[in-house]
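As you go down the protein sequences, you meet chains S and Y in turn.
858 is the number of the first residue of the first sequence in the working numbering; add one for each residue after it.
858 is the number of the first residue of the second sequence in the working numbering; add one for each residue after it.
Be careful, since some hints might not be right.
Just so you know, same-sequence chains aren't split out, so a pair can sit in one copy or run between any two.
[Said to hold, decoys possible] Derived lysine-lysine pairs resembling DSSO-like cross-links, with alpha carbons at most 30 Å apart:
1) Lys1202 x Lys891
2) Lys929 x Lys1200
3) Lys1031 x Lys1233
4) Lys957 x Lys1202
5) Lys891 x Lys863
6) Lys1107 x Lys1070
7) Lys891 x Lys929
8) Lys957 x Lys1153
9) Lys957 x Lys1200
10) Lys929 x Lys1006
11) Lys933 x Lys1070
12) Lys1200 x Lys1155
13) Lys891 x Lys1200
Calculated directly from the structure, the hints in this document are not laboratory data.
Residues per chain, in single letters:
There are 2 protein chains.
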Amino acid sequence: MSKIEKVSPLAPVSFPDIPAIKGVNFSTASAGIKYQGRSDVMLVILDPGTEIAGVFTSSSTRSFAVIDCEEKIHLKDSSLGAAIVVNSGNANAFTGFRGKVSVEAITSAVSEVLNIPQSRVFSSSTGVIGEEMPHNLVIDVLNKMAADKSEHGIREAAEAIMTTDTYPKGSVIKVLTDEGEVTIAGIAKGSGMIAPNMATMLVYLFTDASIEKEVLQSYLSVINDKTFNSISVDGDTSTSDTVLIAATGKSGISIGKNQRNFSQGLTSLMTDLAHQVVRDGEGASKFVEINILNAKNKADAKTLAKSIANSPLVKTAIAGEDPNWGRIIMAIGKSGAHAERDKLKIFFGDILVAENGWVAPNYSEELGAQYMKNSKIIISVDLGLGRGSTTFWTCDFTSEYISINSDYRS
Amino acid sequence: MSKIEKVSPLAPVSFPDIPAIKGVNFSTASAGIKYQGRSDVMLVILDPGTEIAGVFTSSSTRSFAVIDCEEKIHLKDSSLGAAIVVNSGNANAFTGFRGKVSVEAITSAVSEVLNIPQSRVFSSSTGVIGEEMPHNLVIDVLNKMAADKSEHGIREAAEAIMTTDTYPKGSVIKVLTDEGEVTIAGIAKGSGMIAPNMATMLVYLFTDASIEKEVLQSYLSVINDKTFNSISVDGDTSTSDTVLIAATGKSGISIGKNQRNFSQGLTSLMTDLAHQVVRDGEGASKFVEINILNAKNKADAKTLAKSIANSPLVKTAIAGEDPNWGRIIMAIGKSGAHAERDKLKIFFGDILVAENGWVAPNYSEELGAQYMKNSKIIISVDLGLGRGSTTFWTCDFTSEYISINSDYRS
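Could you put the whole structure together from the sequences, leaning on the hints where they help?
The structure is reproduced here in structure tokens:
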């Protein structure tokens, strides 16, 4: 970990100034699970009345913390408050029956300390897989954390959950409704192992709006699909991914189904956090947006976007600022989605690169090479077949990625 | 090309000593398509009576040479001989209608020069995608090539078709039948973009056995699935992959359906060539075998093997000699295949690493770390669910891969 001292060149200028969200308190501690000289536990205490919704990794080897959250997320009693406890340094994944023991020990202790039902204590763990979780280290710091809680600790919370992240990730947005203003804020972690269907990515979202549980879940699931499920760093998927949203209702303003301003605000916030995760992709030097237009259908559009985004040959070409559009053709061809060579068009930004089954007449290598020097690269592919469209985000693939991942545990 | 001066550390000691295959003549030339100071065209001339079978890339953006071969492979007239012409340096893929023009120009010229029907002239092109093929350069050398043909030019042929390959790939085996001995020999090229369902991989196999066309196709398709379709370098798939087998019949020995000795011999030869392709994976420092045992079914076994073999996190861990079995769990989990955490077992070679949902009692990091120093790594996963098994081969993922692929065209 100590090797990664420099912040990603694609990082935002600074962590945003996030105001308190009424009904949400944060606390962090240094439990010494793996890292030295930094915090590694975050506790979020949510006032009574808070509704919580979540989406989780689809991995068949997902960790017990995820299984535990999945079970609890369906319970409907919000009357006694809730809590979220997260540690970094150890994923508590693939640790056999001990995984369950650790999750139960931690959530039970949080329940005791905060006087909240254990069924309302959600936990996540992120870090190395397969090593026994020293859960007593977490339990030992809970009393002090409960005493130190603050409405203003969100940045520290974002820092406590980092693993190979090079910067803490946070975002905030205010949504104006007819009844007044609500705030949505969120934090995230994740850099390697990010892929569709969620990855070593933990995301916690908070709002002071009052939203019924089912409505909240519906907003989260729909928007998750076009934000956190539309990004990738290396195509790998973790055993621990979790996105939770908590609505405290403390603003007194209710948000119903399909409320466009709220939906847009939450989409914007989740898009921002998803981009921050990609921008911190291990070794990333370019932020890449892939637009698929007019594919046969929506499913084909996503298949094509993922095939391009996860192709090592496309990603290494971008790292080398090589406008190698032949590799995009290759990635389209191998995807299994419907494509007709002579109908498709490829663009770099606004530059038409290929059409009619060949290089475009006005395209030149110089134009392409110049475009590739940008730190944000937009690749668009128009299939000319139907109405399926999607946008997907990824980063390039540099030798830095290899060096980070070939000695992650040392 | 000039950057890659060193031979892969996983290369065989030397090119094998391959005897003449009766009825097969080779010739090579330096046409100057892209490379300087080396040969870049191979011509194989096959005697009348030769039967040919083939398998091809499944890419939807496959090159016209592949489409042309696919059409010709079904024709049944072997009476007038056949030819195979291959160039390196330009893939003639995604070159619009000009792709077709070039293939027709080349195959027509070969037909003229050799007095063979154009329908019996098979062509392949490998190299950069999307650049116009200078087919006249190939046509210009054909007369000289026809004049220079030799039964002993197979090594030179293997060299002429190389692109980023660091060594020529060849193999030979003799099969003893009740009627006498037949010989099978083959050459291959391919290093990046190798994935299941074929990749920038060209393979040409020759035998002096006498085999009916349908029988030959059946041997090739079945064995291809467990050899060239069971390897991967980067999970990418090319637009030009081709495996052709030519049976001249000149030994006078007939091979019928399901003849076990021939099938075993051809499997052994194709496995050897497939391994040589993986061992020349761009930047490869380790040869990796993945065995999946007792998966729910055969399809799940292959899905699991590919998920592990193509995971950048698994491949970078192997490059770093890190026995990071947590990443294997991750790759199993994300695959979509059926897996039960507590039933699966993971082995490094003979070392039991994980079982019962956790690290095995006798496993230690030291044991794993020691094993990872080998240049051949065998990872076995026993799912404990059914009877689906498969073996798959790949290589590790080093920063050398990134540097080769971030400036392939420069």
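Requested in this report: Hints the structure violates: just list their numbers, smallest first.
Outcome: none
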